[in-house]
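There are 2 protein chains.
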Amino acid sequence: MRHALLAAAAALALALALPASAQQDTETRPGPADIVNAAPQEDWVVIPPEDLLVMTLAPDAEGNAREVVIQLMPPPFSQGWVENIRLLARERWYDGTSVNRVQDNYVVQWGDPNYDNPEAAGKPKPLPEGLKVMGEEEYSQPYLKATAFPAMSFAEDAEFFRTLCVVENPGTPAEEETCFEEEVWPPPTQFARGWAFATNSRDAWPVHCYGMVGVGRNYSPDTGSGAELYTVIGHAPRHLDRNIALIGRVIGGMEHLSSLPRGKGELGFYSAEERDKRTPILSVRIASELPEEERPLYEYLSTESDIFARYAEARANRRDAFFITPAGGADICNIPVPVRAFEYAGGE
Amino acid sequence: MRHALLAAAAALALALALPASAQQDTETRPGPADIVNAAPQEDWVVIPPEDLLVMTLAPDAEGNAREVVIQLMPPPFSQGWVENIRLLARERWYDGTSVNRVQDNYVVQWGDPNYDNPEAAGKPKPLPEGLKVMGEEEYSQPYLKATAFPAMSFAEDAEFFRTLCVVENPGTPAEEETCFEEEVWPPPTQFARGWAFATNSRDAWPVHCYGMVGVGRNYSPDTGSGAELYTVIGHAPRHLDRNIALIGRVIGGMEHLSSLPRGKGELGFYSAEERDKRTPILSVRIASELPEEERPLYEYLSTESDIFARYAEARANRRDAFFITPAGGADICNIPVPVRAFEYAGGE
Chain R
1 MRHALLAAAA ALALALALPA SAQQDTETRP GPADIVNAAP QEDWVVIPPE
51 DLLVMTLAPD AEGNAREVVI QLMPPPFSQG WVENIRLLAR ERWYDGTSVN
101 RVQDNYVVQW GDPNYDNPEA AGKPKPLPEG LKVMGEEEYS QPYLKATAFP
151 AMSFAEDAEF FRTLCVVENP GTPAEEETCF EEEVWPPPTQ FARGWAFATN
201 SRDAWPVHCY GMVGVGRNYS PDTGSGAELY TVIGHAPRHL DRNIALIGRV
251 IGGMEHLSSL PRGKGELGFY SAEERDKRTP ILSVRIASEL PEEERPLYEY
301 LSTESDIFAR YAEARANRRD AFFITPAGGA DICNIPVPVR AFEYAGGE
Chain X
349 MRHALLAAAA ALALALALPA SAQQDTETRP GPADIVNAAP QEDWVVIPPE
399 DLLVMTLAPD AEGNAREVVI QLMPPPFSQG WVENIRLLAR ERWYDGTSVN
449 RVQDNYVVQW GDPNYDNPEA AGKPKPLPEG LKVMGEEEYS QPYLKATAFP
499 AMSFAEDAEF FRTLCVVENP GTPAEEETCF EEEVWPPPTQ FARGWAFATN
549 SRDAWPVHCY GMVGVGRNYS PDTGSGAELY TVIGHAPRHL DRNIALIGRV
599 IGGMEHLSSL PRGKGELGFY SAEERDKRTP ILSVRIASEL PEEERPLYEY
649 LSTESDIFAR YAEARANRRD AFFITPAGGA DICNIPVPVR AFEYAGGE
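From first to last, the protein sequence lines are chains R and X.
Residues in the first sequence are numbered consecutively from 1, following this note's numbering.
Residues in the second sequence are numbered consecutively from 349, following this note's numbering.
If we strip away everything but chain R, and leave its shape as in the complex, we get:
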């Protein structure tokens, strides 16, 4: 059965509905994982080794290796920071740094333990030459440039702004009403080329979902170099969108960061008494710098594929055996883009 869907409110791009016939029956349907597992190989996009960052942590207490793999964000987003991070990795700058901050339901942060750390015990490590200085305007990309990003498109009738009126000093002689246009919350979101974005018709920007990696910074207008990085380990802190640069996401070994002991110091930094809890970072390498046989191989499910649309719909309307009431929609951060490691089969 083929069907086309006409949503009354196009702005609700993620309010993905089942056809009426499916809503009314109680039949069990494939779950999101079943749909993804059945995707044909041509729907999977190999991530180039230049876009993979391999971070090797010191082994855990039991001697198990801990490797974290980060996928860097593609152009036109955050490229100044991404280039800085590649430079820092090539210069081996990250080697010997550590995970210094673990704040529950918020972020894990790594880099120089003496950079902007309330528990610093020494001088910051010098940065290599050639790092770009980025501006806050780079947190998002102009709409026109972003729409040139293959596969990104915006519904023409999406609602980006609303009129809001404020009455000051109500019921007094000084009562005054002022109206202004404000961005709608939440902003419309969409997937393009394997990533989730939010938009306001002027700009598009990546969103702070679980596992996203961003650039630690000091107070504005410092936007950070990329030497200090963090990943989200809790509910999506969307208030950070357009306030910090997002440069990628953890696609492998997330549990090595999310399960670290929480820091007891300010902002979740490890306090002076618990410096031994800092996890040493042995090395950070761009995968293309590694010998071919050591490179991790990852691919993501094309967000432009029909299978992805079906997967997103199934995330929004769970109908697998466990579920009773489909939600009728899903937060963009509850539709993680499927990413998987694969082995090089050779000869292809």
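Some hints here could point you the wrong way.
[Said to hold, decoys possible] Here are a few chain R residues that face chain X, going by a calculated C-beta distance under 7 Å:
(1) 220
(2) 239
(3) 255
None of these hints come from the bench; they were simulated from the model.
All C-beta atoms, glycine included, are put in the ideal place defined by N, C-alpha and C.
Please arrange chain X on chain R, whose structure you already have, making use of the hints.
Same frame as chain R, but now just chain X:
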């Protein structure tokens, strides 16, 4: 300066805007924590000891004590399961059980390691007599009953449903359009008596935010007894709303659950090879059962207070020194109700 706010779209209850004058200036304003810290004592509501569940885990590898405190949900929500949990605690049923499942960006689950566990190695522990059997209809409460819940009210013009039309077999002789009403996504949300709820004008139900505690169950129509519990350790899995009973939230010691090693078995259960990773639960007690000097004391910021409204507004529009672009709104799960432990001062 007093101001009243008239939002164009009342359904966007959490799109909390600053007055125009504040939007236009660049002055730094108090952050959410500053606002909460300045709340007067009368805005804090003491949690009754009958509503506090104290779960003592085995000490960690370094010998540190691990205590988790759960606040149980007040009537009229989920009370059958809450009563079961109080019974199980009084009967000492949880003592000697363990944390058996830790799935990254999803849940930590504890209870009988042999209940519905793909890695079970023995028979399930018998349950005490007198447990209630609950139905799926108890996952939410009827609107009229819920509005009788003090302080809960719904905007009359909120949008709960939308019309959706589906075209089947488009462009063929069998083309047919069917229209139906569907709940809007996300459903309108609000705070009442210290908790977050979603609504659809017929029903109200608690939402799966970080740290919320729910009742593990098998396939529907089994709704679980309360012997098997879980808490959310990642992005809010809102697709579980109205599909599982929520009975409370972790208000103390969350880090003892969220930082546990992730399980390598199916669904994040510890596999047969890693049974030693299960964290033993030494005891679970209702605080009112403990000697008075051992009872933990907690209070939450009244969600009906002006300070809470200011806190929620500040979460939605960060203006403290670090921030540049206020979001203009916040997901309900990004406005955690402030809860704090306090010491009994005596004599009051």
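Each hint, compared with the structure:
1. At about 5 Å, the closest approach between the beta carbon of residue 220 of chain R and any beta carbon in chain X falls short of 7 Å, and the interface hint on this residue holds.
2. Checking residue 239 of chain R against chain X: minimum C-beta separation of about 5 Å stays under 7 Å; hint holds.
3. With a cut of 7 Å, the hint placing residue 255 of chain R at the interface with chain X holds, because the nearest CB-to-CB distance is about 4 Å.
Violated hints are absent here; each numbered hint is respected by the structure.
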